[in-house]
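Numbering (the numbering used here), first residue to last: 28 to 387.
It is possible that some hints are incorrect.
What the hints assert, rightly or not - Per label pair, the in silico range of CB-to-CB distance: (1) P217 / T369: 33 to 39 Å; (2) R212 / G147: 22 to 28 Å; (3) E376 / S342: 21 to 27 Å; (4) D286 / D108: 27 to 33 Å; (5) G147 / E93: 23 to 29 Å; (6) A141 / D319: 27 to 33 Å; (7) G208 / D319: 43 to 49 Å.
Just so you know, the hints here were simulated from the structure itself, not pulled from any lab data.
Beta carbons: idealized from backbone N, C-alpha and C, even for Gly.
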Amino acid sequence: MHRKGRTRFAVSDAAATLVRTSTSQRRRALGAAALVGLLVATIGAPPTLAAYPGANGRVAYVIEGEDSPTHLWWADPDLSDAEQLTFGDYDTYDPAWSADGQTLVFSTDQNSTAPPPEPGFRIDIATLNVVTGEQHVFTAGGIVKEQPSFSPDGSRILYAMGNPFDLAEQGVFTIRASDGGDRRRVIGLPNGVDYPQYPRYSPDGSLIAFTGVKEASWRQRGRAPREGAVYVVKADGTGLKRLTPFGDLLNFTVDWSPDGSQLVMQTDWRPGIRPSLWIMNADGSHLHRLTDEAPYPSNRPFQASFAPTWAPDGSMIMFQCAPGELSFWDFCTIRPDGSGRTLVRSTPEFERRPAWQPVP
Numbered sequence: 028m029h030r031k032g033r034t035r036f037a038v039s040d041a042a043a044t045l046v047r048t049s050t051s052q053r054r055r056a057l058g059a060a061a062l063v064g065l066l067v068a069t070i071g072a073p074p075t076l077a078a079y080p081g082a083n084g085r086v087a088y089v090i091e092g093e094d095s096p097t098h099l100w101w102a103d104p105d106l107s108d109a110e111q112l113t114f115g116d117y118d119t120y121d122p123a124w125s126a127d128g129q130t131l132v133f134s135t136d137q138n139s140t141a142p143p144p145e146p147g148f149r150i151d152i153a154t155l156n157v158v159t160g161e162q163h164v165f166t167a168g169g170i171v172k173e174q175p176s177f178s179p180d181g182s183r184i185l186y187a188m189g190n191p192f193d194l195a196e197q198g199v200f201t202i203r204a205s206d207g208g209d210r211r212r213v214i215g216l217p218n219g220v221d222y223p224q225y226p227r228y229s230p231d232g233s234l235i236a237f238t239g240v241k242e243a244s245w246r247q248r249g250r251a252p253r254e255g256a257v258y259v260v261k262a263d264g265t266g267l268k269r270l271t272p273f274g275d276l277l278n279f280t281v282d283w284s285p286d287g288s289q290l291v292m293q294t295d296w297r298p299g300i301r302p303s304l305w306i307m308n309a310d311g312s313h314l315h316r317l318t319d320e321a322p323y324p325s326n327r328p329f330q331a332s333f334a335p336t337w338a339p340d341g342s343m344i345m346f347q348c349a350p351g352e353l354s355f356w357d358f359c360t361i362r363p364d365g366s367g368r369t370l371v372r373s374t375p376e377f378e379r380r381p382a383w384q385p386v387p
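Can you make the complete structure from the sequences, with help from the hints?
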C-alpha cells in the first residue's frame with residue numbers, strides 16, 4: 028500500500044562521533060529538521076548490505092507494520108535501545124551503511140502515486156546521515172531503483188534497476204552519492220535474466236556481486252516460480268562471471284565478508300523448502316549450506332532464513348529468521364562456519380533486512 032504524506036527523518040545533534048539519543052529526543056529534533064529542510068535532488072539525463080571492515084556498531088533494519096508504513100530503525104546488536112529513524116506515510120526499506128558508518132542509504136516509495144505495477148508507482152533512493160540528520164532523496168535516473176549500497180570510498184551509490192514498462196531500463200547502475208548525478212550503467216541483464224537484485228561492491232571496490240533472477244513474469248511476486256544465480260563483474264562492467272548454477276538453489280540476497288574472501292546468500296522459496304543461507308568463497312568454490320531449515324509444514328524451530336548481513340569484524344552473520352511459525356520475523360546470528368546459531372531477541376514486531384554498522 029502506498030500512502031499519502033511526507034516521510035520525515037529524525038535528526039541527532041552534530042558531533043565528531045556517532046551519537047544516540049532517545050526516540051522522544053529524535054522526535055523533538057524533527058522541528059530542527061523542518062528548518063533545515065529536505066533536499067530532493069532531481070537529476071537530468073542519464074549517462075550494498077555491503078559489510079565493510081571495522082568494529083561492530085549498531086544494526087539498522089526496518090519494521091514492517093501490518094496496517095502501517097514500513098519504517099527504518101536502528102538498535103544495539105542485541106536489539107536493545109531501539110530508535111525509529113524515519114516517520115511518515117510511506118515505506119522505507121533495504122538499508123545499507125557507508126564504510127565510515129555515518130550514512131545509511133535505502134529505498135523509499137514516498138514519491139509513488141499508485142501501487143505497483145501501475146503507472147505512477149516508483150521507488151527512489153534516499154540517504155540519511157545519522158550524525159547530522161542530513162537527508163537526500165534522488166528522484167531521477169529510473170522509476171524503480173532498489174537495493175542501494177555505497178561504494179567503499181562513499182563516492183558512489185550502487186543499485187538495481189527494474190522497470191516493468193521499459194525492459195531496456197534494467198540492470199545495475201551507479202550514481203554520485205553527493206547529488207544523485209552522473210548515472211552510469213555498470214551492466215545490463217545477463218542472457219536470460221529478467222532483473223537483477225542486491226548488487227554489492229566487494230570491500231576493496233574491485234568487484235560487484237549481484238543476483239540475476241529469471242521469472243516467468245516480471246510482475247510475479249511472492250512464491251511465484253523463479254530461479255536465480257549469483258554473478259560477479261568487475262567494477263567497470265567487464266569480466267562477467269556466474270558463480271552459482273540456476274535451478275533449485277535459487278540465490279537471492281548476497282553479501283560480501285568484510286575481508287572480501289567469501290559471499291553469503293539467501294535462497295528463495297521452493298515447494299516444500301523454506302529459504303536458507305548458503306556460503307561460498309568469492310570465486311564460487313566451496314559452496315555449502317549455512318543454515319538447515321525445516322521442510323514445511325513442520326513444528327521444528329527456525330523455519331526460514333533471509334537477508335544475511337556480515338558483522339564488520341567478520342565474526343558472525345546476522346539475518347532475518349522465523350524462530351517458530353511463519354507469523355513473525357526476528358533476527359538470528361550464526362558464525363561463518365555454521366556454528367552458534369542464536370536467536371537475538373524475540374519481539375512482537377516484524378523486523379526485516381538488518382544492516383550492521385561498521386565503526387572504523
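Against the structure, the hints:
{"no.": "1", "hint": "P217 / T369: 33 to 39 Å", "result": "holds, 37 Å"}
{"no.": "2", "hint": "R212 / G147: 22 to 28 Å", "result": "holds, 25 Å"}
{"no.": "3", "hint": "E376 / S342: 21 to 27 Å", "result": "holds, 26 Å"}
{"no.": "4", "hint": "D286 / D108: 27 to 33 Å", "result": "holds, 29 Å"}
{"no.": "5", "hint": "G147 / E93: 23 to 29 Å", "result": "holds, 24 Å"}
{"no.": "6", "hint": "A141 / D319: 27 to 33 Å", "result": "violated, 41 Å"}
{"no.": "7", "hint": "G208 / D319: 43 to 49 Å", "result": "holds, 46 Å"}
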